[in-house]
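Asks: Here is how the chains run, residue by residue.
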Amino acid sequence: MATDTTHFEFDPGFTDDRLRVAWYAVLAVLLAVGGAAMILRITEGMASTNLTSTTPWGAWVAFYIYFVGLSAGAFLVSTLANVFGVEGMHRIDRDALFAAIISMVVALMFVWVDLGRMDRMYFPFIWRQLTSALSWEVHAYVAYIAVLVTELYFSMRIDLARVAERGSGLRARLSGLLTLGRRSTSEASRKTDRKWLTRAGIVGIPLAIFLVHGGTGILFAVSKARPYWNSGLFPVIFVVSAVLSGTALVMVLYVLRTKLLDDEPVDRGLLNRLAVLLAAFIIVDAALTGIEMLIAIASLHPHEVETWAIILFGEMSWSFWWFMVGMGWLFPLVMLSKREWRETPWLMVLAGLSVVIGIIAVRFNIVVPPQILPVMEGLPHGSYFPSLVEWVTSIGMIAVGLLLYTIGAELLPLTPLDRGDH
Amino acid sequence: MSSSNDDVQPGVPAVDTAAMDAMVETERADPREELAKTDHDTELGIAMAEDAKRVSRGETSAEAYWEKYDAAAEREFGDAYRETPNPSIESTDQTIDAGTADSLSCTVGSMESVACEIDAAESLEEAEDASAAQSVEGAGAQTETGERRWGMVIDLQKCVGCDSCTVACKAENRTPPGVSYNVVMEEEHGEFPNVSRTNVPRPCMQCEEPPCVQVCPVSATYKMDNGVVNIDYDRCIGCRYCMIACPYGARYFDFGENYDDEVEEAGEITSPEYGVDRGKREDGESPIGNVRKCSFCTHRLERGEEPACVETCVGDARNMGDLNDSDSDVAEMADSTRAFQLKESEGTDPNVYYLK
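Taken in order, these protein sequences are the chains called A and B.
Going by the numbering used here, the first residue of the first sequence is number 1, and it counts up by one from there.
Going by the numbering used here, the first residue of the second sequence is number 1001, and it counts up by one from there.
The hints are all genuine.
Taking lysine-lysine and the BS3-like style, the derived pairs with C-alpha atoms no more than 30 Å apart in a straight line are: (1) B/K1170 x B/K1223; (2) B/K1356 x B/K1158; (3) A/K224 x B/K1223; (4) B/K1037 x B/K1053; (5) B/K1037 x B/K1068; (6) B/K1068 x B/K1053; (7) A/K224 x B/K1356; (8) A/K224 x B/K1343.
For the record, the hints were derived by calculation from the structure and aren't laboratory data.
Whenever a hint applies, use it, and build me the whole structure from the sequences.
Replies: Okay, structure coming up:
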């Protein structure tokens, strides 16, 4: 093993100090502005949003399901290595798990800020409702985060022990704490870790697919009052688009961290595998969305047809055509079409970011359109575009996620010390 | 004459009291003429009236009066005199002493106590009639649980679309801007000149199978035994899932806005919705940040009043009552062939019925 040599070096942070300062400065600005918006949100209450009683769910709900999806997707990518043993994926499994945890933290922040009574956020753990998907979801999220943390622990423990043993300073002390006392670096302990990693992953896969993200889809799909959501295919599309965005995120993080933090050459074979996976998910996602649309329109149900008309031709149709179809599907598909391009790191970053942003539009187009048309003829029509407070608090909460990820990437052995080729 | 022109007050017409007495005298019916219209003894009547005036002037006592006339009155009026309680006898505050009262041949006791006895006797008879009627009409057709299920029936033929229900509701429930428990949905059909218009008032449907209750993650909204869907503002976290689930758009989020610009001290009084008095409306206090909706004016129902919208309806289009009571007006109307519910296909089974 590479780390068993006499020379030990563990310095996972930015290789370029100027880049580090610039990045933290950007995050500081985003956090400050986001914090100011958050103060407005808390003092003015929900009146600071552009939500109405006709359109009660908006940007924060869209971002919430977006980050839940990102998390579920990233986690499922990590299981390719941990459970299914796909060749050469171990290098990214911790990164994927860590991103999945941060995404859940960000998702829960969005849920929290969206509550009319933020002070009552713990109530769902005191009072429950068996028939409420949301009540189940809240508990599924907690269980899911527990599985993710367990996974990350077993995946990273042996390297934490190595850093604690041979490293020095803050990182070594922190790593020592995070091993939870299991400091052995023997092959036997590694085997035990692998075994539990697989077991937790096997529990986590159905949890992530059916309860966490499928469940979030069910939350919408059970709303009979909104025919656009009320379809069996809906939770499936939720999961597929989640995996899509998660794969794209992991690909972007892999390239950026390898280049900017590890300063190593990108593994082109791995990049190509991720890119092919991404292309496959895009095709499945687009196809299922097409099926969903055809069924809806063929039903001739007025609410369904009109909702699709709003999506395709309404005042927000630009978000469907440019962001969802353009950035989410078409542009990345073109980028992913040639093997040469798939092995070019910066092009894949571009394609990945395009998908990550495109899926945001997917989430907005899930949440908002069925709340534009009134549930009954004679009630007022809705019209919604997020307010400045909604946008800036969203940016602030995303910045919190980026900050947490960066701190983790600077302190933890997210890239396996043996570079994943064991 | 006690009043003179000296103490004339500004704004008060100076009227001679003697002249006023004379006016009363001309209007007063002649006692002899009036009594002559009855079958009874005119002379006795005149004598009793004259002596009654002396009693009221304090020239003689009530005891002496009744001792003097008791025998004569019994002779004149017979059974009617004996059965009618003497108005000068009150059980708590007698105007004649107990000894005299006992010596009289008429019924002793207050009018009130006699009236109560009559009422009790009558209602007993009615109850017997009713149970007899029910056992005839449909034995076992309806199990009487004794539970009330509040329901509303709105006659669309009678609704003129004046929106006064909406206004009465806002006044009663003191709902803030953007929150309106009741709205009137107006639909126009046809093309000029063959146009018709339907006004559909929409309160909360108080569904028997409420989708809003089904989705609430903290059980803050629930169905009460009387059929009304309640919201516990102290538990609601404001997630708005119920608004997504409601097929009638009957739920509104309280964004904390006020009518302060329109009305002074607009938030000083709030309505005791669901029977809970929350004092004045204050920032950050429930129901701000909660989801709100029509409660069928539970606070009014509890004190025996109709909901504000029902009470105010100019066309008498709205009716309130117990749907579990098959004899009630609303139950009969809800059973009629004209009756329908909104979005029946949703399976929510509203307790608000409409008449076509």
